[in-house]
Amino acid sequence: MQNPALDMHALIARLFPICRSITGDGVRETLRILREHIPIEVREVPTGTEVFDWTVPKEWNVSDAWIKDAKGRKLIDFRKLNLHVVNYSSAIHQRMRLDELRRHLFTDPERPTVVPYRTTYYEESWGFCLSEEQFAQFEDAQEYEVLIDSSLQEGYLTYGECFLPGEEENEVLVSCHICHPSLANDNLSGVAVAAAWARELAGRSHRYSYRFLFIPGTIGAITWLARNEAVLPRIQHGVVLTCLGDASDLTYKRSRRGDAVIDRAFCHVLKHSGQPHSIIDFFPYGYDERQYCSAGINLPVGCLMRGRHGEFPEYHTSADNLNFVRPDALADSLAKCLAVVEVLEGNRVYLNRKPKGEARLGKRGLRSDLALLWVLNLSDGDHSLLDIAERAGLPFATIKEAAGALSATDLLDPL
Amino acid sequence: MQNPALDMHALIARLFPICRSITGDGVRETLRILREHIPIEVREVPTGTEVFDWTVPKEWNVSDAWIKDAKGRKLIDFRKLNLHVVNYSSAIHQRMRLDELRRHLFTDPERPTVVPYRTTYYEESWGFCLSEEQFAQFEDAQEYEVLIDSSLQEGYLTYGECFLPGEEENEVLVSCHICHPSLANDNLSGVAVAAAWARELAGRSHRYSYRFLFIPGTIGAITWLARNEAVLPRIQHGVVLTCLGDASDLTYKRSRRGDAVIDRAFCHVLKHSGQPHSIIDFFPYGYDERQYCSAGINLPVGCLMRGRHGEFPEYHTSADNLNFVRPDALADSLAKCLAVVEVLEGNRVYLNRKPKGEARLGKRGLRSDLALLWVLNLSDGDHSLLDIAERAGLPFATIKEAAGALSATDLLDPL
Amino acid sequence: MQNPALDMHALIARLFPICRSITGDGVRETLRILREHIPIEVREVPTGTEVFDWTVPKEWNVSDAWIKDAKGRKLIDFRKLNLHVVNYSSAIHQRMRLDELRRHLFTDPERPTVVPYRTTYYEESWGFCLSEEQFAQFEDAQEYEVLIDSSLQEGYLTYGECFLPGEEENEVLVSCHICHPSLANDNLSGVAVAAAWARELAGRSHRYSYRFLFIPGTIGAITWLARNEAVLPRIQHGVVLTCLGDASDLTYKRSRRGDAVIDRAFCHVLKHSGQPHSIIDFFPYGYDERQYCSAGINLPVGCLMRGRHGEFPEYHTSADNLNFVRPDALADSLAKCLAVVEVLEGNRVYLNRKPKGEARLGKRGLRSDLALLWVLNLSDGDHSLLDIAERAGLPFATIKEAAGALSATDLLDPL
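Protein chains in written order, with our numbering: chain A, 18 to 432; chain B, 18 to 432; chain C, 18 to 432.
This is chain A alone, in the form it adopts within the complex (with noise of 0.2 angstroms):
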């Protein structure tokens, strides 16, 4: 890589065309070129298996689909973009009359020129989504013939997870889904931003392990915690990246807990980012957050986003798509992940062994300054980095660095 906003962009257009869903091919063909970034585990779990109180279910593929009017004509092609067809429609082959058909087209009065994104992941069924403008072409009278080339069968559930070890077994957890087809913003810009992270962090060494998950929301992310309920003591911080790629400020939704340690970090970078964004509290409902702070898992995973769930006009229509995302978005979303890497790698607790009174900084070489101070008056042992930055209101990078000069000389010691 070489230009890391561009990269990720262009990696956002090479997924972008793939039908994915929350299980079948789509992911695999996701997964196996994101493996030619990074070391990507890809993990098979089996139709039926129980998760939690979900059960994974039946595998569905689609090759094909259209409606034809009464002349042959191709009116909506699934092969022209992929969210004509509703997500996990069950197979059919038939002509109707518009009065039959007209259930199974969904529109979005609201925006007419759009295509809106719609799935029927638990209920079987059918159907196809267009365009306001391309539903004026349909004519009462007339006869379709419909055709969606789908099979819904025994399989599995797909989901890549790059683990990156690290000097502790602790780790922090990433989390972006993979289930959404031709839509750029959600969530194929949190899956580049995810992977330029991972293929950042994977060429040096660090403190905590590292956890990417690549996974179908809400059963991925269930499925996976029900698979690995022995790793959730590790995971000391994490959070969900989704619509990085939009031109909205940054927000950082807390972790349940309110006060983690990511959720200062976050808080903490975007502060001293200078730029406008927003912090905003946990509620149960938006992406995979809602699975890791669930009432029995409650794990410090909070969710790093532009726009936000259900409130940009582009959500979950083909307006989401490569136009709307945008390289220095993405480049700045991953600068703030990194940047909380920072932190968390560096949030370290020290010690001051000349702690009575001021020491002398002048005679081993140091010029005081504030940070230098703050760091000395607060390493009583009690006091993080991080808390030492948040009370001086000084960034963590002066802080740490205050604290590398003095763990030096005899003045310091990491706990």
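Think of the hints as simulated: they come from the structure by calculation, not from any bench. Wrong hints could be hidden among the right ones.
Quick partial rundown of chain B residues pointing at chain A, CB under 10 angstroms, derived from the structure [as the list claims (entries may be wrong)]: (1) 247; (2) 248; (3) 249; (4) 372; (5) 377; (6) 379; (7) 385; (8) 395; (9) 396; (10) 398.
Backbone N, C-alpha and C fix where the C-beta goes; we use that ideal spot for every residue, glycine too.
Fit chains B and C to the supplied structure of chain A, relying on the hints for placement.
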């Protein structure tokens, strides 16, 4: 009762003419009328009984009082307005000139048309209250005949207690004072709301036991506390009702504890009412919350009011009459009390039985909504429904309804 | 003393001409004059003594210093203004051209009329401070004769300690620095207020023992701490006094603990003064609170000041002179310190002996008021008078007076 608002006003109208005091037949007559509506046990505590730092005083009764001028015309007549006689005045029948009489006459110079309300409970003395306009009729040189036909002798302090047993021994205490003569807002409004509240609860089952006290202010509360120390540990929540009929917005004064469940319940109800209102902190002045929140009692008892103690111009004057209290204000006050009952009664802790990941609501016939998700998310044994409602920012009723729906499935159980 | 304000200013005027430093005869002479007012024990700590991370330096004295031009005219004369010699300059007597002399001359380019104040404590060197205007008289080609008649040799670090024993061993620490030469606000103002404060207390009995330290900044505080570790557990409250004579509003800087009683006492006094003022959080820079609040000491010691360290233009220049400090500002500073003494001395916990219900105040000759009621209500053993004053929003003196009146009855006892 058909229309609680009009019924409450009618009850006030019926009780208004009675000359009440902290002891005596006025209290007995008031309780007798209240017993037509709700089951009240009448307690009689003998003069001289030691109650904490106090002693039950002699019983005071008055049958007539007037001031006649030299021509025998009644200038001031107790039978027209019982506020005219200073409450607890000793008996007198004597002729005297204005210069002697004058120090027994009390007016409100700032409000020349009203008769002030005055007492002399713990200092034997006598006097008349009159308006400045009435006083203007008195002439320096004249002699006046003064009569107060009162008695102050060994007797009883009388109060009423309406106890409504619930499923639990734990109690909710509701207290109002019945020692004021013809004053409508202070505190026949509180008496009427308490009676309507009790009547409402008497007709249905409830979890808590409810204890409504109709007591003389200060000495009555102290007497009740002294005689019921064994009951106090059972009192989980409580409120003093006063001045609930005027047109002011509601004010809730927190208990001394400041964040008791009763405080949070009233704050919640008032906040979600959408009506303007005030929440004020506890201070050791006002009504009988002073006694319930004294240092050695410290019950979770707040105070609900509209016009505040001493802050409305009609306070403790003849202008606090039947025109000053409004049926709609009484009804609104009662509604808020009953809404608080809903919170207290329904404020249980539930346990999510499928706490790992989200549960599948659909397969249980439930439609996912934010209230259901919040209840599941926070029902970890540490959060009551009120905790959840507060964190979710949703009305308690919505949260309770969600908990009810979930309890009907295998997902949620009361703790 | 007759008028403390004028007396303080007169003391500053008398001390102003003395050339002080962190060691030497200027400190001794200053302490000798202070001993005319208050009982001070003078401590002499030998050069080379190890004090925590520091070593007591050599003693510095200076008797004369000047720069003469080729014609023998004194362009710069230490005897006119002792700021002219860089504090701790080594001795020199030499002729040199301006290009060589120049790097030993220090001006303040931003304020051309003032002479800056400069030190070289821990780096042997010499120099002169002068105004830009004075420097303008120097000519490139000329040769100058330079004299600094100073000595830097084994000797002592000198400080003064005024200890006023109280009823208790517990102590209040008041600290000010006496190491600055002719600077009036920084810190003869602090010295004068500390001396007046000590003089005021010397004349009366008090509960706490008071320890006033007149010490060289940094090294003096560290020396005192290192020699008095056994005393530290007795220090309950403390304050550093500095820059208390200028026209700025008062600023109180909290101790590292942030909410110590001394912090709350100063906040309370300043709040109830009705005067504009600032409360700022602790940071590990400024005056000797840096030492008292270092990680391993962490005493409850704040800092009271008007002009803030480095933030007023006269700071560390010849403009910080006798005109810059005002009798009324000194008097106001002292008044606030004495008001804090009232809080600290009177801040006891009392116990309401009749805590159930309100007590009858009337029968004990007390007139009910809010302060009395608050004291009774909160005197449950968990609340000090300062706690009560804060919750009541009343001045401490009002609460203390109420507690006094109640203590004279059977209602209240000190815990």
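Under 10 angstroms, Cβ to Cβ, is where residue 385(B) needs to be relative to chain A, so tell me if that hint holds or is violated.
9 angstroms, holds
Regarding the hint that residue 249(B) lies at the interface with chain A, is the smallest CB-CB distance below 10 angstroms?
Violated, about 36 angstroms.
A closest beta-carbon separation below 10 angstroms is what the hint needs, so does residue 247(B) meet it against chain A?
Nearest chain A Cβ about 39 angstroms off; hint violated.
Holds or violated: residue 379(B) as interface residue toward chain A, Cβ cutoff 10 angstroms?
6 angstroms, holds
Going by Cβ atoms only, is residue 248(B) closer than 10 angstroms to chain A?
37 angstroms, violated
A closest beta-carbon separation below 10 angstroms is what the hint needs, so does residue 395(B) meet it against chain A?
7 angstroms, holds
Under 10 angstroms is the threshold here; is the Cβ of residue 377(B) close enough to any Cβ of chain A for the hint to stand?
Holds, because the Cβ-Cβ distance from residue 377(B) to chain A comes to roughly 5 angstroms (cut-off 10 angstroms).
Would the hint on residue 372(B) stand, with a C-beta cut-off of 10 angstroms toward chain A?
It holds, given that the least Cβ distance between residue 372(B) and chain A is near 3 angstroms, below 10 angstroms.
Does residue 396(B) pass the interface check with chain A, least Cβ-Cβ distance below 10 angstroms?
The hint holds - residue 396(B) has a Cβ within 10 angstroms of chain A, the shortest such distance being about 6 angstroms.
Hinted contact residue 398(B) with chain A - closest CB pair below 10 angstroms
With a closest approach of 9 angstroms, the residue 398(B) hint holds.
Checked against the numbered hints above, the structure violates hints 1, 2, 3; every other hint is satisfied.
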